[in-house]
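Trainee: Got chain A sorted already, so can you dock chains B and C onto it with the hints?
Residue numbers (our numbering), protein chains in the order written: chain A, 1 to 364; chain B, 1 to 344; chain C, 1 to 158.
Bear in mind the hints are in silico, worked out from the structure with no lab data behind them. Predicted model only: the values in this text are computed from it and were never measured. All C-beta atoms, glycine included, are put in the ideal place defined by N, C-alpha and C. Heads up, some of the hints might be wrong.
Claimed, not checked - Pairwise CB distance ranges (calculated): (1) C:K10 x A:D208: 32 to 40 Å; (2) B:I17 x A:L39: 33 to 41 Å; (3) C:L128 x B:V117: 57 to 65 Å; (4) C:L8 x B:I166: 23 to 31 Å; (5) C:E111 x A:G316: 23 to 31 Å; (6) C:R39 x B:H284: 45 to 53 Å.
What the hints assert, rightly or not - Among chain C residues calculated to face chain A with C-beta under 8 Å, some are: (7) I22; (8) V32; (9) P44; (10) I72; (11) P74; (12) R102; (13) F105; (14) C106; (15) G107; (16) L108.
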Amino acid sequence: MAFKTIDLNMGPQHPSTHGVLRLRLAVDNELVLRVEPVLGYLHRGMEKLWESQTYVQAVPLTDRLDYLASLSNNLAYILAVEKLMGLEVPKRAQYIRVILAELQRLASHLAWLGFMANDIGAMSVLLYGFEAREGVLDVFEAYSGGRLTVHGMRIGGVPFDLDERVIGLVRRALDEIPRKVADIEGLLSQNRIWLHRTEGIGVLSAADAVAYGVTGPALRASGVAWDIRRDVPYSSYGDFDFAVPVFGHGDVYDRYLVRVEEIRQSLRIAGQALENLPPGDFRARVPRVLKIPPGEIFHSIEAPKGELGFYIRSDGSDKPERVKMRSPSFLNLQALELMCKENLFSDVVGILGSLDVVLGEVDK
Amino acid sequence: MTAHPLVVDFLIPVLKIAAVILYPLVMVIVMIWMERRVVALIQGRLGPNRVGFEGILQPAADAFKLFFKEDIIPRQADRFLFNLSPVLVLVSSLLAFCFIPLGESFRIKGYTLTLWVAESPVGLLLVLGLSSIGVFGIIFGGWASNSKYPLMGALRSVVQILSYEIPLGMTVLTVIFFSRSIDLVAIVNHQKDARIWFGFLLPVSFVVFWISGIAETNRAPFDLPEAESELVAGYHTEYSGMKFAFFYIAEYAHMVLVSSLVVILFFGGWLPPFPNVAALAFLHRIPGFLWYLAKIMFFLYLYVWIRATLPRYRFDALIKLAWKWLIPLSALNLVAVAVLRYVL
Amino acid sequence: MTGLARFLKKFFLVDILRGLLITLRYYFSPKVTIQYPERVRELPPRYKGLLRLHLDAKGEPLCIACLACQRICPTHCFDIAGERVPQRKTLWPVRYDWKLERCTFCGLCVEICPTSAIRFSPEFRMTLLEKDKVRFHYPDMYLEGEELQKHLCGGCLE
Chain A
1 MAFKTIDLNM GPQHPSTHGV LRLRLAVDNE LVLRVEPVLG YLHRGMEKLW ESQTYVQAVP
61 LTDRLDYLAS LSNNLAYILA VEKLMGLEVP KRAQYIRVIL AELQRLASHL AWLGFMANDI
121 GAMSVLLYGF EAREGVLDVF EAYSGGRLTV HGMRIGGVPF DLDERVIGLV RRALDEIPRK
181 VADIEGLLSQ NRIWLHRTEG IGVLSAADAV AYGVTGPALR ASGVAWDIRR DVPYSSYGDF
241 DFAVPVFGHG DVYDRYLVRV EEIRQSLRIA GQALENLPPG DFRARVPRVL KIPPGEIFHS
301 IEAPKGELGF YIRSDGSDKP ERVKMRSPSF LNLQALELMC KENLFSDVVG ILGSLDVVLG
361 EVDK
Chain B
1 MTAHPLVVDF LIPVLKIAAV ILYPLVMVIV MIWMERRVVA LIQGRLGPNR VGFEGILQPA
61 ADAFKLFFKE DIIPRQADRF LFNLSPVLVL VSSLLAFCFI PLGESFRIKG YTLTLWVAES
121 PVGLLLVLGL SSIGVFGIIF GGWASNSKYP LMGALRSVVQ ILSYEIPLGM TVLTVIFFSR
181 SIDLVAIVNH QKDARIWFGF LLPVSFVVFW ISGIAETNRA PFDLPEAESE LVAGYHTEYS
241 GMKFAFFYIA EYAHMVLVSS LVVILFFGGW LPPFPNVAAL AFLHRIPGFL WYLAKIMFFL
301 YLYVWIRATL PRYRFDALIK LAWKWLIPLS ALNLVAVAVL RYVL
Chain C
1 MTGLARFLKK FFLVDILRGL LITLRYYFSP KVTIQYPERV RELPPRYKGL LRLHLDAKGE
61 PLCIACLACQ RICPTHCFDI AGERVPQRKT LWPVRYDWKL ERCTFCGLCV EICPTSAIRF
121 SPEFRMTLLE KDKVRFHYPD MYLEGEELQK HLCGGCLE
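For reference, chain A alone in the conformation it holds in the complex (with noise of 0.2 Å):
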């Protein structure tokens, strides 16, 4: 049996691919030739389902994106039809859209490196990180009554305003999240074996990770200073203080520690909005029809993931023309191969989950 060059297959059902991705990788020996990711098995045709949908119907079908981080989908979306519409949301709308999105990033942050720790290895991480998680996702729950597909925003402003149980719960998941979080790096950060597996690995330069579109803290690790919440900022990011991580190897420990630090950054903000909430309405009138005349907008937002973003053509009617996302996932995937290349196979898993990848979004 010649060991020479060997196709493999990470089929669509496997524990690590984070959904039903199937990659076709080329092997040699141990060395990774080819990797070639197979998409498709999760399309639901969301695109062409928004130009049969309202603005506001085309609102919980976005939930169902990037599940694991879904009043970011909610978000950008969102955002695009307003400014389409040219609608002003109130502050107070912006600055509860601004804690739920920041919440909503811990959560996919906390998820993801459960999921990461768990290929490698370290399986306690996975539960650590989830119980971390459930604080979020009970603040979801009390808010809007989902814990993953919220629907926690809607055109012109948010649907609840925030009550004393959630703010209750707000802080709580504020003060808990830390010490699980130092729990979780006292485990991976420092350990030998996790610094084996991840240091070196993968790496993205910056020239590359610009040239294939790669964004969101893949792109930071690589050490382009690019967060669009501080450089283009929306729903007023720019009244808050905080620090953008970048590193400069661009490989898998920089994009955990990355993550990581967006973490504390995360509870950063969404503490600083929760103390200066300032009063008023927390949702600007919208007409029951919703109509916007003929025009085309892309707007994009920092989604956990990368640069969330929306096109949308308008013709007049409820119904947009055209809908079109920019998903980060899909984009981050194409500079698979290129990382892969020069690594053992056995790397592959650990690069894949570096990436974060929801085939949600990929797929669409």
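Mentor: Just chains B and C, lined up with the frame of chain A:
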């Protein structure tokens, strides 16, 4: 009055043979339960607690399920080797238990009952040798499956086991410098006379032996050949039903064997702790067998604790760890101990 | 950190011991899971359970068959028809078919209903034993609690 010859020559050996098969199997059952409970408790959840009292019947439920699974043999597989390998792996783990002493011998009615099946002046060598036969089972399993993933997994397992046999052997040598015998009973007795356990006298040896022991049994953090989330699924991919159960049991039996060796070689076997402290003399009234069990349970717990905590080593680093770190370290340790032993 | 300190930390497995102590602490900490079904977690008031119709104080349906929920539902779960009745000015619902298998629990219908006739309930036990039970008809929309469970799957085993 001596005991009846029928009892001495027939009944007691038969009971001992039954014990040497049942003891590891019972320990395996306890181990399966303990692994699932301890890993769960570390993760903030409870683990199996509905099947029987606190889930103690869960391994029985698992065995029941595996018993009824369809026994699939791949069409292109080499049938003889395919069927032989689980047996080889299990038998090699169980056979070695013949030489493991479980406690001090005691007299009943003029007959000295020994808590081991056989005592051999080369007991340690026999134990290490018998447990190494399991390697053949792994190779046969991977080869006979006639599929590239199990074969690669089997080759990696074998390389791992062979590489870690070397520091295992070298650290054992340091113990032998002090005990001057490779009879397991004599090693324990020597620790009794020396009034200090070799684990405290030779800590480096103990740690290297323990790490090698974990690698020998393909346990985390050295379990890449059989890890679920990796590409290559290991030598037992193609096995189902009872054959898979054999591999499973054999792995746990091997863990119990390694724990037994650690306890006997480094932690006094059946001896109670603190023999020099007069106030704790009541400890000596507890039978040695129970001390031995308690110590084994601690090391089995350590196995599970380590598995729940640490990430997995990649295969090349695993082998590098053995050849670049453990083998030179154990060689240095050997020389240092030899020099110190004969100089001091 | 000096080279010697780093070497000693590596040799004495400090990072691994630190991780082991963290997991040991979790081993002795109280567990976060509860034993379902003996204990059920308390649900917040806005929890999105099964959709239910409600009656007003006089026992008459709050639903006025305005079809707002039917129009706004993104997945077309509703099939509603109303008719004129002498006792009130608004329509009386005669057909109210709801497809559970299509519902995404988005809450748009609850938001838009002018009389707050349709609301979420805390019911999350939606096991069915027969496929046709997934389609709710007008009287089924008022069932709650144990009666609902009997309708769906024959009731809970106690």
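Trainee: Against each hint, give a clear statement of whether it holds in the structure.
Mentor: Hints, one by one, checked against the model:
Range check, K10 of chain C to D208 of chain A: about 33 Å between beta-carbon atoms, so the 32 to 40 Å window is met. Checking the proposed 33 to 41 Å range against I17 of chain B and L39 of chain A shows it is violated: the Cβ atoms sit about 60 Å from each other. Separation of L128 of chain C from V117 of chain B is about 59 Å and conforms to the stated range, judged on CB atoms against 57 to 65 Å. The hint said 23 to 31 Å for the Cβ distance between L8 of chain C and I166 of chain B, and at roughly 26 Å that hint holds.
Distance hint check: the CB atoms of E111 of chain C and G316 of chain A are about 25 Å apart, consistent with the given range 23 to 31 Å. The given range of 45 to 53 Å is respected by R39 of chain C and H284 of chain B, whose C-beta atoms sit roughly 47 Å from each other. Restraint check, I22 of chain C versus chain A: the minimum CB separation of about 5 Å is within 8 Å; hint holds. Checking V32 of chain C against chain A by beta carbon gives a least distance of about 6 Å; that is within 8 Å, so the hint holds.
The closest approach between the C-beta of P44 of chain C and any C-beta of chain A is roughly 4 Å, which is under the 8 Å cut-off, so the hint is satisfied. Interface hint status for I72 of chain C: upheld, as the beta-carbon distance to the closest one in chain A is roughly 7 Å, under 8 Å. For P74 of chain C, the suggested interface contact is upheld, since its CB lies about 4 Å from the closest CB of chain A, less than 8 Å. Checking R102 of chain C against chain A by beta carbon gives a least distance of about 12 Å; that is not within 8 Å, so the hint is violated.
The restraint placing F105 of chain C at the interface with chain A holds, with a minimum CB-CB distance near 7 Å, inside the 8 Å limit. About 3 Å separates the beta-carbon of C106 of chain C from the nearest beta-carbon of chain A, less than 8 Å, and the hint is met. Evaluation of the G107 of chain C hint against chain A yields a held restraint, the C-beta minimum of about 6 Å falling below 8 Å. Given hint, L108 of chain C at the interface with chain A, holds; its Cβ is 7 Å from that chain's nearest Cβ, closer than 8 Å.
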